[in-house]
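**Student:** In case you want the letters, here they are:
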Amino acid sequence: MTKIIIGRYIPGSALIYKFDARGKLLVTFLFVFAIFLANNWPTYLVATLYTGLAIMGTGLRAHVFWDGVKPMVLLILFTSALQLFFSTGGTVYFHWWGLWLTSTGIVNAIFIFLRFTLIILISTVMTVTTQPLAISDAMEWLLTPLKWVGVPVAQLALVMSIALRFVPTLFDETLKIMNAQKARGADFNSGGLIKRSKAIAPLIIPLFISSLEIAVDLATAMEARGYQGTSGRTRYRVLSWQKYDLLNAGAFVVLLILLKVLG
Amino acid sequence: MEQKDIIKLSQVDFTYPEAEQPAVKALNLTLQAGTWTALIGHNGSGKSTVSKLLDGLLFPTNPDSQIMIAGLPLTPETVWEVRKHVGIVFQNPDHQFVGATVADDVAFGLENRGISRAEMQRRIPAVLAQVGMADYADAEPSHLSGGQKQRVAIAGVLALKPQIMILDEATAMLDPEGRKMVIDIVRKMMVQDHLTIISITHDLDEANLADQVLVLDDGQLIATGTPAEVFQKAALLERSGLALPFFYQLKSELMAQGINIPTTITTETELVAYLCQLNLNM
Ligand SMILES: Nc1ncnc2c1ncn2[C@@H]1O[C@H](COP(=O)(O)OP(=O)(O)OP(=O)(O)O)[C@@H](O)[C@H]1O
Ligand SMILES: [Mg+2]
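Read top to bottom, the protein sequences are chains A and B.
In this text, residue positions in the first sequence follow our numbering: the first is 1, and each later residue adds one.
In this text, residue positions in the second sequence follow our numbering: the first is 1, and each later residue adds one.
Source of the hints: derived by calculation from the structure; they are not laboratory data.
All residues carry an ideal CB built from backbone N, CA and C; glycine is no exception.
Each statement offered as a hint is correct.
Per label pair, the in silico range of CB-to-CB distance:
hint, chain 1, residue 1, chain 2, residue 2, range
1, B, P125, A, S240, 16 to 22 Å
2, A, V64, B, E18, 49 to 55 Å
3, A, F188, B, P125, 43 to 49 Å
So, partial list: chain B residues that the calculated Cβ filter (under 8 Å) puts toward chain A:
hint, residue
4, L57
5, W80
6, I88
7, F90
8, D104
9, L110
10, N112
11, R113
12, I115
13, R117
14, M120
15, S142
Produce the complete structure using the sequences and hints provided.
**Tutor:** Below is the structure:
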């Protein structure tokens, strides 16, 4: 569980780790839109090269990125398959009822496949090289405009960083409850779907209660330590732009220009 | 520093909403600055409620109740001012660790008080060094032991430079070694910063080392005094469900066997010496 939610960060010392989290988050976010500028082989090649450079820049092993893509593989293949069999145009190789296999279809399927995969890879690069806390800080910065329309961005960011902080605690709590129920004869690992879902109930209820307990204790502790809302608070942790961030921005601008020129 | 009354409670009553029994009844109490007070009592006797009343996390339910902390009357208007003088370390190390890392957690209280970043960068390493956690500034809580987390919680309190530190069973979930380390650090800080310590505990051997012991029973103070005075009242303590510290248990059993122990003997070592010498005389 921790692995899914926050265990993505893998400590490292490559240059990309030194990039400011705000820059990385922004680039990841804009990449999703930039990739729509790609519409032919040269532009997809450029986008793929950009992603490949980013991956190499992390200095991490390939399976880290495969782990990022794996959960999405079915979705990617399914979407690509739709493109493959339902696009019309170009040379027709094969036609059966509503299904077409055409040259356009094949190209579209490959493009869609690349688009998806590249987006996932770029976000994986961001999450494995940025600490969750820094991502949450960067998120706050990115959402700053919402402050002007009255969204309590600072509170939300605090909630998010506390939530991140408590994932391992709740995970431990879950294990503890599971073991306690196993000791009473519960079986979480066998039987059909219904039997297994039934076994989950005695897990969820104590977990819910202990989460509430933690929340009450935490609220008391926060108040005792002088927390009275986010106004008037100072910040210990601040993000600061470095010269490396120019590299991050520069590379992205080059990508945009190439996509525009070649597209 | 002169001895002054830093905490003064008079006629403090508190009943939880929808509770039938008051959790604290007619509590009168005066504590002197720079002393260590142990607050003991059976489960549900109202110890945590008292600690919350002292920090304005709860307010007395009787309008005639008065609480003075560091010369300030504690009211909903002054509560944030009073809280600057009081720090609490709670029982569960995991339920009070707010920050994502050790340094962030110590920073939390400072941030709430609007302390400048430059000042935080000075204070945080200093207090972490005081509790022996300087090497762990960037560690995440899930990689720390319970005792280490409690030391971080203490550092978080010390960073705010309070006059009073309350430990609400802060060592209850620690092993004996972690427990001793935490108590030793607090004792050192008490002397160094002239802190007033209130330690809520079920560990009567720890209470035995306090300057003063308070015994709560169903929300009422049933005994106060030095450890020697309070633990003398074996019958009273047993009635309120408390066992005596080992030294007093031994002493009262020896007395029951007809061996007379002089009242001048107040420590285990003295007792051992006395018993050996007694044996020689027989
Ligand atoms: N939030 C609450 N709402 C209602 N009643 C409460 C609440 N918290 C505590 N009580 C009751 O108030 C009384 C005193 O509780 P308190 O937590 O102060 O005891 P304690 O001496 O700290 O006990 P322990 O040794 O178990 O920590 C108990 O009878 C308890 O059931
Ligand atoms: Mg308690």
